[in-house]
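**Q** Next come the chains, spelled out residue by residue.
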Amino acid sequence: MKLRKVYMDHAAAMPVDLRVFEAMKPYFTGNYGNPSSSHSFGASARNALMESREKVARLVGAEKPEGIIFTSGGTESNNLAIKGVAYRNEKKGNHIITTTIEHISVINICKRLKKQGFEITYVPVDKQGMVDPEKLKDEITDKTILISVMYANGEIGTIQPIREIGKIAQENQIYFHVDAVAAAGKIPINVKEENINLLSISSNDMYGPKGIGALYIKKGTRIQAVTQGGGQERGLRSGTENIPSIVGMGKAAEIGQEEMVAEGRRLSRLRDKLIKGVLETIERSYLNGHPTKRLPNNANLRFSYIEGESLILGLDMLGIQVSSGSACTSKTLEPSHALLAIGLAHEEAHGSLVFTMGKQNSEEDVNYVLEVLPGVVKRLRAMSPLTPKEMLR
Amino acid sequence: MYSEKVMDHFMSPRNVGEIPDADGVGIVGNPVCGDLMTVYIKVKDNRLADVKFKTFGCGAAVATSSMITELAKGKTIEEALKITRGDVAESLGGLPPIKMHCSNLAADALHVAIKNYLEKKEAKK
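Protein chains in written order, with the working numbering: chain A, -2 to 390; chain B, 13 to 137.
Derived from the structure by calculation, the hints contain no laboratory data.
All the pointers check out, no bait thrown in.
Straight-line C-alpha distance at most 25 Å; calculated SDA-like pairs for lysine to any residue:
1) B:Lys87 to B:Asp35
2) B:Lys66 to A:Leu315
3) A:Lys375 to B:Gly29
4) A:Lys273 to A:Tyr365
5) B:Lys64 to A:Met388
6) A:Lys386 to B:Lys66
7) A:Lys375 to B:Arg26
8) A:Lys328 to B:Ser15
Using the sequences provided together with the hints, build the complete structure.
**A** Take a look at the structure:
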């Protein structure tokens, strides 16, 4: 068997698209002006900034480019959106509704706000990771100022009924924040049609550089800054703009929009082939997340009796890079909260593997994974005291 | 993240398996936490004639289990009881700090197996 390099951990990090890299290059040593300067170098940087804003706005269906604020990434966008709305609207109410399956940044922001006197409701999800909009609606009180639900979960892949939740938020005149980091550039988003007030996105999750992201803020949304400085980005995100990265994110958004449909179709086919192949060839293997309403590039599978980190190491030795929700791969030694939120027991969560595919992955890559994975699973099961004896024969 | 030695023991673990007529068995850990180790020993003339293991867990859990069987085999009961978690980690060229406590249970499993053997021996008297 020939060793093959197969990177399937795009939710952790993505390569920068070469077209993005080329677009960024002039802004490091030649076109290095500060958009706040009055001279021609400043004007050139301002133009680049404006163009990128327009491209990002188009990707998410925003009415005006002014609604886009550049940040350092998804985590900062989530901080600005949730804390910014909470602090600014504190007099109106102190209740925030979110879900049990959010990104860890949203969960930790909410924990902090709780310590500061806010009330947080975490709406549970079903076994496939789906939020029930009706259940969410039942949690609304006259103190509710914000609903925050992710567009799609980057780990288990489930896509939420954002349009329905947006409608509920609008009918009840509550701000709606959506963490779309895992979804942007992969599936269509329309902040207008989906009644979204605030939307977090990140550049590296769509083949742009790391360390840059954006927050869409609908006109009229009452929000305050969480950092103070020179008043850049409408005073909401002070600090000299990171023009090379902003240009990169703009280009990534432009390419993402152009190629999303075709690439989404291609990846969904590979994803389904991978899922079907694993479930058919490896006994006691299961799919985590929703079977159809899932990100086109995500396959989250779990295997009984074995642990995820040892699966990662075994696959890495064969050239395949993936992730796991096992406690043994986390800094906190706790299994992934998303897997616990869909009702898995700890020992089940430990045996999960997350495959997130990207542009470079081909059908040959999927075939290779299907060829070598059963052997890695078998080897670890033979070593595990949990494996039933009849399975080893 | 892991040393070459850890990866070697993970990829080619020594003495995997069960001893059906083991003189002592030690089980430590819990699948809920992500690590479960079982160590089997066979004792002859006060020496560990054979040591085998089965482990559910991360790379460090497998490597430390494999290493403990190598360290313990041929040792007297008294010598084997002196093998510490630190000895196992050191023999593997070190472990990442986060793994030192949660996955470095192999020495404990060996000690439990020896205790089990001694108790059985005592009961027979």
